[in-house]
Amino acid sequence: MTREFWVSVVVLVGLPVAAFIAHITGETYIINLLTRMIVLGLAGIGLNFALGYGGMVSFGHAAFFGLGAYVAGIAAFHAFDDSLIVSMPFELGGTNQMLLIWLIAIFLAAVLAFLIGLISLRTSGVYFIMITLAFAQMLYYFAISWPAYGGEDGLSIYLRNEFPGVQTDKAFSFFLLCFAILLLVLLLCWRFINARFGAALQGARMNALRLSSIGIAPFPVKLTAFVISAMIVALAGALYGELNGFVSPSNLSWHMSGELIIFVILGGVGRLVGPLIGAIVFVLLETYLGGLTDRWQFFLGLILLATVLFANGGIMGLIGGRTRHD
Amino acid sequence: TTAQAELKVGMITTLSGGGAGLGVDVRDGFQLALKMAGDQQIELLIEDDARKPENAVKIADKFISSDKVDVLTGIIWSNLAMAVVPKAVRGGTFYISPNAGPSALAGKGCHENYFNAAWQNDNLHEAMGNYANEAGYTKSFILAPNYPAGKDALTGYKRFYKGESAGEIYTKLGQTDYAAEIAQIKNSGADSVFFFLPGGMGISFMKQYAQSGIDIPVLGPAFSFDQGILAAVGDAALGVKNSSQWSKDLTNPANKAFVEAFVEEYDRLPSLYASQGFDTANLILSAAAKADISDKAAFREALRAADFESVRGDFKFGPNQHPIQNIYVREVIKENGVLTNKIVSIGLENHGDAYAVDCKM
Amino acid sequence: MLLDVKNLTSHYGATQVLFGVDLSVEEGQIVALMGRNGMGKSTSIRAICGLNPVSSGQVSFVGTDISDLPSYKSARLGLGLVPEGRRCFANLSVSENLVATARSGPWTLEKIHALFPILKERASQMANTLSGGEQQMLAIGRALMTNPRLLILDEATEGLAPVIRNQIWAALKTLKDQGQAILLVDKSLREVMEIAQRCCILEKGQSVWSGPVSELTPDLQQRFLGV
Amino acid sequence: MTDAMEPILQINHLSKRFGAVQASDDVSLTVLPGRLHALIGPNGAGKSTLISQISGFLMPDAGQIFLKGRDVTHLSAERRVHMGLGRSFQVSNLLLEWSARRNVMLAVQARRGGSFRFFKNVWKDAELRAAAEAALQKVGLQDRADIRAMELSHGERRQLEFACALALEPAILVLDEPMAGLGPEGTAEMTAFLEELKHSIPILLVEHDMDAVFRLADEISVLVYGRIIASGPPETIRQSVAVQEAYLGSSSDAA
Amino acid sequence: MSTLLIAEQVLNGLQLGVTLFLMAAGLTLVFGVMGLINLAHGSLYMIGAFCCAFVSVETGSFLLGLVAGMAGAAIAGAVLEVVVMQRLYARDHLDQVLATFALILIASEGTRWVFGDVPLFLDVPQAFAGTVELVGGLTYSKYRLLIIFVGLVVALGLYWLIARTRLGMRIRAGESDREMIAALGVNIRLVYTIVFALGAALAGLAGSMVGALSSVQVGMGEPVLILAFVVIVIGGIGSIKGALIGAVLVGLVDTLGRVFLPSFFQLFMNSSDATTIGSSLASMAIYVVMAIVLAVRPQGLFPATGTSSA
Ligand SMILES: Nc1ncnc2c1ncn2[C@@H]1O[C@H](COP(=O)(O)OP(=O)(O)OP(=O)(O)O)[C@@H](O)[C@H]1O
Ligand SMILES: Nc1ncnc2c1ncn2[C@@H]1O[C@H](COP(=O)(O)OP(=O)(O)OP(=O)(O)O)[C@@H](O)[C@H]1O
Ligand SMILES: [Mg+2]
Ligand SMILES: [Mg+2]
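Chains as they are written, first to last, in our numbering: chain B, 1 to 326; chain W, 1 to 361; chain H, 1 to 227; chain D, 1 to 255; chain Z, 1 to 310.
Chain B with its partners taken away, still in its complex shape:
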């Protein structure tokens, strides 16, 4: 087993243990903080699938994150006041069933990612970064100025949506639910990456020309990965909306996209559990530096800078050692 494997195990065991201790001592805030790490980490893992393994540096994944969040928000909003989302040409009301919400979020994200990918993947490199940003910005400005769901003010989810057999409004239960999803997604990603699909995807990242010349068209491989990545991120977005009890255009902003990228780089690009570590570290810094000084952003910047300069390959690169390439 590699060092990276053991680091991952420690993190994945450590999180629920920490949450359990917090649960026993009644620190729901800590549990929520851990849930936040998991949900953001999940989004980072989703982005990493496209960015780390497929080489698609998307600066627009907030679009999918926000989409997921808004699906949760809008469904809950309509379920709360019993109104219809659309009345023409068919009637569609809200729902407070998480499973259904997730399915819708994932489905819509897949459709959106398919469309965005279809256009964006014609470009590459920095052009790809910018065109994905463009699409996300469109959604962002739309959300800000569209009054129906609160515009810039966002939308509250007053009661957390329901999941069969889980008391979602209890912090620890919700944590466990999110953690289970995280494990499931990690498992799937791990399989995907080491399967033939993953090999083709990584080949496409390194050298698309090579891939074509051995007879694998890079475009569909990349597009599929882009869609899968968006689906994971949308799921994370939906959970994030539930966690905060609130969704807003800030979930769609380029800052959000940037933060997701930071989780990935900070944790380690192309490392399965890397983005989770990135998210944990980032949330910890953001939360606890603020308590130390008003100038916390200054020091946050210094710490991040030091990490890039001295830890090549992110935190996972630093403590997990080199990746294997056999």
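The set of hints was computed from the structure by calculation and includes no laboratory data.
Ideal placement from N, C-alpha and C gives every residue a C-beta, glycine not left out.
Don't take each hint at face value.
Okay, the calculated bits of chain H under chain Z, using three or more residues with CB under 8 Å as the criterion [said to hold, decoys possible]:
(1) 21 to 29
(2) 62 to 72
(3) 115 to 121
(4) 138 to 148
Since chain B is already given, all that's left is putting chains W, H, D and Z with the ligands on it; use the hints.
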């Protein structure tokens, strides 16, 4: 003993990044009030939200579930308030707004634990609309950024303004170039311009407006002409009429003491936001003096009574627990070489808000 | 002695690939560096030019110790490199490639154009759209334009058509006559042996044989080069 | 014997122009089963451009390409590979971060299909590994299988490039200067290998190494300025004055 | 709407475009030509504006302020390049993203630390206050005309530098193969430091010039950053001509969108909905344009291919 705090107040405000000046003023005003009261009863926790809704939610969660605060306050921005307040007040925590007053929390969404010690978002704009009538303007050109607070602003203005419209524009949030809008204003035949462009947007607009050489008078809420921002606008702001529920030159004793103490303590003139932070603290102090927080109903009643000397003069709560107060019209002047405001008239007297009727409490 | 390399060792990251290379080039001399694929010819050249770290040993050029010098300083002392794999500046036009790093001396744009007329024809074309052989000519031209005291050619005739190759060998002979010192790596043994005075053979990152070309017997060739 | 044979690859009147450069000018040629057809010509004559068009990375302006009798002019590069076209690049084009074995395994995977299989671990796939190892063995890289492509020397990369093409089990190989970068020994080995290989896989070979070309080729076409100026068996080409002038150089005694 | 007004709005669009180019100019050099992803470009812009505002107010001279703005940004840029960027050239582009993101945080908080929370005052120089009359009764701000002039001068200067000078060739060569250009005798490290500082100085110039029209405050660089990237990418990375045309395209689309979209929607819906929808679309307009441009021309309008379009 006095060492044991009896009331815990959590302040979530913006202390870093672009809009930090406002949060800093609210915090300073608030702390000044505590200091002046010599109060040991209140334990104040402060955290920076960096103007991100998610951060505000996280901090609120920490304050409520971990620090067990009784009262929350401090949020500057409507969208952050919307993220935090509904959930917090439903959970039984008091929230006292020192700045934002989104309509969604004033009408149907009002709550017994939510108090607004500043204004409902529409208020200052309404006063300006009323003033426009009094000043004899009949053709106003109005503009605001394209987001909810911007829409509230124009709605508020139009609610009182009786003349016709020379044009209505929603600009992009964060826009810095207003040449196109100014050209439209110039060609609209307007006799007055009303704008709501908070922060840097207002500074840019005013500078460029002055540059363009148009002399159509400008009206706006206090936000673009407040003490913290005037210096940056410069002489371009001279003579502009703006509306505010507070002004440095109000003559009531509370205000005089406040302004003096603020300058003494922080070595700068207090801003609107500082006055709001100051009042918020005094409101909480007044309630704490009357009732114990363990009796929530009593504490709520005490808050509702608003039994404190507001720096803005008479102050009371309406049925939706938003202020009923005078809104003044001020003019930007130069005083000892420093730009500041002077009250010229009362825009609206004892003014409540339009959403109170929808509030079923 | 123009270039003197003693007991040079070098590595890529953690893997050591040179274990003691000895090599010297005298003023006006042509020296060939030989060896099978992967034996460390290119690495030796990279180390001499300051592109690979010199972990131990000595590299001196025109009397200066250049083993720790940044590559641009060694180059200014008069090392002119035609690297393996051409490495033309893809986003520069052909003529820009030639002048961007030029230094004054006998080699001028006109002379390069006379040597490789096709480069004149393609003057404003981007380097990355050139054919392989054209790029190779460009790389040689580029190095000559720096007017080096020691020209280093790493597989400079790779991918060139026989006519051009002949031209290049002819050009090298002319250079030799003019007293230009050259260090070269090339797979066409016959031509190399015609032009070079000395040769140095590497095996597994170590100098295993060196001496005048005339002493490179078929037996030695068989042993170290596999022919 | 030739007339009865169906050509594996046939090119009819192919033309391609880049701005002022006419890179292919009405080029026609065929490759027959069991044969090695060499394409030679001065630098910049348009050989690589022709290969790019055959393999589908460039669209010709005019003309057609037939692979095993089917018109593939408008098919994608990947489809052509699936129909049995394998190629190598003039400049090595590898997955540098991966080991030599992984590079070849991906080629085997491409050949066997299933790039949209999501679950089974590919690196432990014995079938892929074995096929990859066999291909590496053929080019003599078996000892370097675990080395990352970026750590291979120039010549070794060329060999790996070739191994990837072989792993595709192609019906025809199009090779762009496979000897370039190989030392004298490597060249000799490669020549011997191709001589053997051409009987099972017909080859279109672009190469500047005349010793190898004249030893291997059954037929040679000479491309100059995008045009085929001569085509025929090696002896005819060697004698041709035009070819000598344009390409071999009058002093050349290539043999 | 009168033709005069339309003409004025077109002029406004052009002016916004050139302003955008000015803001993007430094980034074109650093990102377009050197190939560094520098998210902190907006911070350099901000630093320039703050230095300019501070010195202008202290000395009463805008010109001195301008010099200070450029110098301040250039120094900040050079330091940044030596301390941070130099360590990242050999790394993945993504590391540059994270590092320069961190620098944004440091620069914003640092600036607030030094200059305080309130926006600073910076006015246009007296000589360029007010308006002049152009043809046909059209009056236009003198200062905005100055910005157009400076923007065009910068465009020409950059074009000359990149396409026509040896320094320009070396910068581009460095982007394509750093090791090789060094092996040919160019101290590419120094070249990069100088060019980075020059890019920063241009950011400072833009910050100072544009700051006089807008507000000098912490965070002012962020929208600039995104817009500058948009402009460069639309134009085609590495192409000055492209950046200029991209900037003007964005300026025109943005301005005309803001002006005409709401009235366009008024043709077939009620006025308030039309204003809402029109303005929403207007704020998305430049991104829509960017997406369309890249969908049709994945390398931007003028992909860099040789001297002619550098
Ligand atoms: N970037 C690298 N990282 C690690 N090892 C490398 C790297 N480049 C080359 N090597 C190893 O160093 C050894 C020497 O390589 P070098 O390129 O010097 O050989 P060479 O003699 O020039 O061979 P060729 O004739 O094939 O060009 C080889 O074993 C090669 O695998
Ligand atoms: N994209 C392009 N734009 C312009 N010219 C091009 C482009 N691609 C190739 N060329 C030109 O077309 C000609 C043919 O190039 P090609 O690479 O096919 O030559 P080649 O015969 O393979 O030469 P070599 O033996 O040197 O590899 C060359 O002169 C080259 O400069
Ligand atoms: Mg070599
Ligand atoms: Mg070729």
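Do at least three Cβ atoms from the segment 115 to 121 of chain H come closer than 8 Å to Cβ atoms of chain Z?
violated (count 0)
Confirm or reject the coverage of the segment 21 to 29 of chain H by chain Z under the rule of 3 or more residues with a beta carbon closer than 8 Å to the chain's beta carbons.
violated (count 0)
Okay, the segment 138 to 148 of chain H and chain Z, do three or more residues pass the C-beta test at under 8 Å?
holds (count 3)
Three residues minimum, CB to CB under 8 Å: does the segment 62 to 72 of chain H make the cut for coverage by chain Z? Let me know.
holds (count 3)
When held up to the earlier numbered hints, the structure conflicts with 1 and 3 and fits the remainder.
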